[in-house]
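For this one, chain R is given, so just place chains L and P on it according to the hints.
Chain residues, written in single-letter form:
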Amino acid sequence: MEIKCKQENEATVVDLIGRIDTNTSADFQKELEEYYTKEGFSLILNFENLDFVSSAGLRVLLLIQKKANALKGKMLIKNVKPEIQEVFEMTGFSGILTIE
Amino acid sequence: MPFSTYDDYIEYIEKMLTGEEGLITNDPIIHYALTSGSVDNPKKIPVSEDTVKLYREYATQYSFAVISEALGEKWKKGRGLNLMEVKFETLPNGLFAGSISGRGVYSIKNLLFLMFTSPKEVVFPTEIMDSKYIHLRYALIEKSLSYIVSAFMTGVCDLMKYLEANWEMIVSDIENGTINEDIKIPDDVRKTLLAKIKPDPKRAAALRAAFQKGFDDPIIPRIWPEFAFVHAIGSGGFSVYTDKMRHYLGDIPIYFSVYAASESIMAICSEMESQAFVLIPDSAFYEFIPANQEEETNETLTMDQLETGKDYEIVITNTSGFYRYRIKDVVRVVGWYNKCPKIQFVYRLNQMVSIAGEKTTEDCISWSVREFVKEAKCELVDYSVYADIGVSPGRYVIFMETEKRLAKDQHHEYRRIIEEKLGIANPSIGAKVKSGVLSPSDITFVQEETYALYRDLMIMRGISGNQLKPVRVIDTLVKENFFFALADKES
Amino acid sequence: MMKIIPKLIYSLNIKKGKKKIKHFDELTKNAPEINKQLRTIKKVCLFRLMTTTSSILKKC
Numbered sequence: 001m002e003i004k005c006k007q008e009n010e011a012t013v014v015d016l017i018g019r020i021d022t023n024t025s026a027d028f029q030k031e032l033e034e035y036y037t038k039e040g041f042s043l044i045l046n047f048e049n050l051d052f053v054s055s056a057g058l059r060v061l062l063l064i065q066k067k068a069n070a071l072k073g074k075m076l077i078k079n080v081k082p083e084i085q086e087v088f089e090m091t092g093f094s095g096i097l098t099i100e
Numbered sequence: 001m002p003f004s005t006y007d008d009y010i011e012y013i014e015k016m017l018t019g020e021e022g023l024i025t026n027d028p029i030i031h032y033a034l035t036s037g038s039v040d041n042p043k044k045i046p047v048s049e050d051t052v053k054l055y056r057e058y059a060t061q062y063s064f065a066v067i068s069e070a071l072g073e074k075w076k077k078g079r080g081l082n083l084m085e086v087k088f089e090t091l092p093n094g095l096f097a098g099s100i101s102g103r104g105v106y107s108i109k110n111l112l113f114l115m116f117t118s119p120k121e122v123v124f125p126t127e128i129m130d131s132k133y134i135h136l137r138y139a140l141i142e143k144s145l146s147y148i149v150s151a152f153m154t155g156v157c158d159l160m161k162y163l164e165a166n167w168e169m170i171v172s173d174i175e176n177g178t179i180n181e182d183i184k185i186p187d188d189v190r191k192t193l194l195a196k197i198k199p200d201p202k203r204a205a206a207l208r209a210a211f212q213k214g215f216d217d218p219i220i221p222r223i224w225p226e227f228a229f230v231h232a233i234g235s236g237g238f239s240v241y242t243d244k245m246r247h248y249l250g251d252i253p254i255y256f257s258v259y260a261a262s263e264s265i266m267a268i269c270s271e272m273e274s275q276a277f278v279l280i281p282d283s284a285f286y287e288f289i290p291a292n293q294e295e296e297t298n299e300t301l302t303m304d305q306l307e308t309g310k311d312y313e314i315v316i317t318n319t320s321g322f323y324r325y326r327i328k329d330v331v332r333v334v335g336w337y338n339k340c341p342k343i344q345f346v347y348r349l350n351q352m353v354s355i356a357g358e359k360t361t362e363d364c365i366s367w368s369v370r371e372f373v374k375e376a377k378c379e380l381v382d383y384s385v386y387a388d389i390g391v392s393p394g395r396y397v398i399f400m401e402t403e404k405r406l407a408k409d410q411h412h413e414y415r416r417i418i419e420e421k422l423g424i425a426n427p428s429i430g431a432k433v434k435s436g437v438l439s440p441s442d443i444t445f446v447q448e449e450t451y452a453l454y455r456d457l458m459i460m461r462g463i464s465g466n467q468l469k470p471v472r473v474i475d476t477l478v479k480e481n482f483f484f485a486l487a488d489k490e491s
Numbered sequence: 001m002m003k004i005i006p007k008l009i010y011s012l013n014i015k016k017g018k019k020k021i022k023h024f025d026e027l028t029k030n031a032p033e034i035n036k037q038l039r040t041i042k043k044v045c046l047f048r049l050m051t052t053t054s055s056i057l058k059k060c
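Quick mapping for you: the protein sequence lines, in order, are chains R, L and P. Mapping of the first sequence onto my numbering: position 87 corresponds to residue 87, and the numbering continues sequentially without gaps. Mapping of the second sequence onto my numbering: position 391 corresponds to residue 391, and the numbering continues sequentially without gaps. Mapping of the third sequence onto my numbering: position 42 corresponds to residue 42, and the numbering continues sequentially without gaps.
Next comes chain R alone, as it looks inside the complex (with noise of 0.2 Å):
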């Protein structure tokens, strides 16, 4: 998997390239530490070229669900896959996050 981070005025968009699974989705997690830590962050997921997200994946997406609720951030995700799409719609994952 790739991911690039690049500032776009007060938002950290990031393009990620590939799946997020087991192998992956640490190194998900650790490239994003210091954005999504920061008292009202705002961080632009691109899954443009996402491929495949798994369970692993998702419980990343949560946790940094939980901590936008805990420091007043935002996470915001565009351009979804229908596949990755069909599994946030099934999984209740569309109701948590904000998707557009």
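Think of the hints as simulated: they come from the structure by calculation, not from any bench. The C-beta atom is built at its ideal place from N, Cα and C for all residues, glycine as well. Keep in mind that a hint or two might mislead.
Said to hold, decoys possible - From the structure, some residues in chain R lie toward chain L, with a derived Cβ separation under 7 Å:
hint	residue
1	SER55
2	LEU58
3	THR91
Just chains L and P, lined up with the frame of chain R:
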């Protein structure tokens, strides 16, 4: 007097919640127990002073005396780690609603610090926080920790998994007298907690040395040399978590606590390590309906009419105003203590799976899965059963998460094993598959961390971590969608 | 000091518990009879439930 269920009391309970008294009992109600089973609308079970007293006498005094007699001097009686959190809401009548185990903890709130390591900020949380970290942070400082107590074994097991994944951070915090910035705690609580912490480089070094040797050998006796026992409900459907805990505990024994519900404490372990519970004769009036009884009847048996080896649905008339109440549990008589039956929980009536009248219990599923794990030589994380009626004829699908992904080309063999084991556990399944009434059973592996994700989600929705029970039956659309979406399509 | 107090609390609890074990032992020797007594008591309550009105209940 006919049997009753919770629905028969709702009307009265709603009035009681607004302050009316003497409706279902003249005994004063002092608490409302929120049941852990339902996420959307938990039941509020009235609890009288008498019921609380029974809980106190048996679940704390009696049980600790049994442990003390069994362990003698091995239990040095240092402080324990208590995972029971108290999250109460105040009702319109001014009483509290919350878990019954929390009520017990609340009643000794002024002694907590003397008995347990966890600070009151995590025992009485006001907001969602990283409670596992806080419990461990304080317990690890205490070299002489004596035991862990939790409502369910799931909570203890999750805590140890967290320790395995995060020990470096916690040890570093102990060394420096800090709480890692990433740990989610409200600011005021962080400030209060930090005021109680001092750097402890000596303890940190000892812990680090123990953790660096890995978790292959039991870790608990190495970090807490005086650790004497775990006190938690861990039999039946919880046994997969108990097995995991053995790995952390080594020879340290478990006290399997009680067989209880919000409505009553019904039975208790009279011995360390025993998974048979002695019915408590003065906690409620008990009636029993034979589990294999085909027709509905009002006739019941009393405890002296029970037979060893047979299964019975339990009906209680409790000390809080419920009469001939069907709690929907089926128990098996496994022996006797004087004239009192020793029982084991077998299954919940509404958790029993039946596609074509074959009535498969949690017990059958649990046995089949354990046998599967032995034969397929894999390590189990968790499992559930799903009655698949989307195919015709219907079939059983076992959902399973294993520590390591199993070989994809062996799927046919895994199906064969689970089919065989289910057929042995419940011969009616085997017969119905042979005669074409059921389709052959199937097995679906879910992605790694799926069950942990489910628990994370429940906690996010406000369920207390130590109240979470394993998902044994996929019986709602929400669970069905969740587990199907996370099936491991690559295995 | 910190070690003595938990010991004292546990010892006190265990002392009560040991009495409870003895009591429980006695109870279980006559368990069916003791349990049936609870039914007799509860039958009175049962009557209260069936009458349903709160005012009558309070007089019971």
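> Failing hints, ascending?
Replying inline: none
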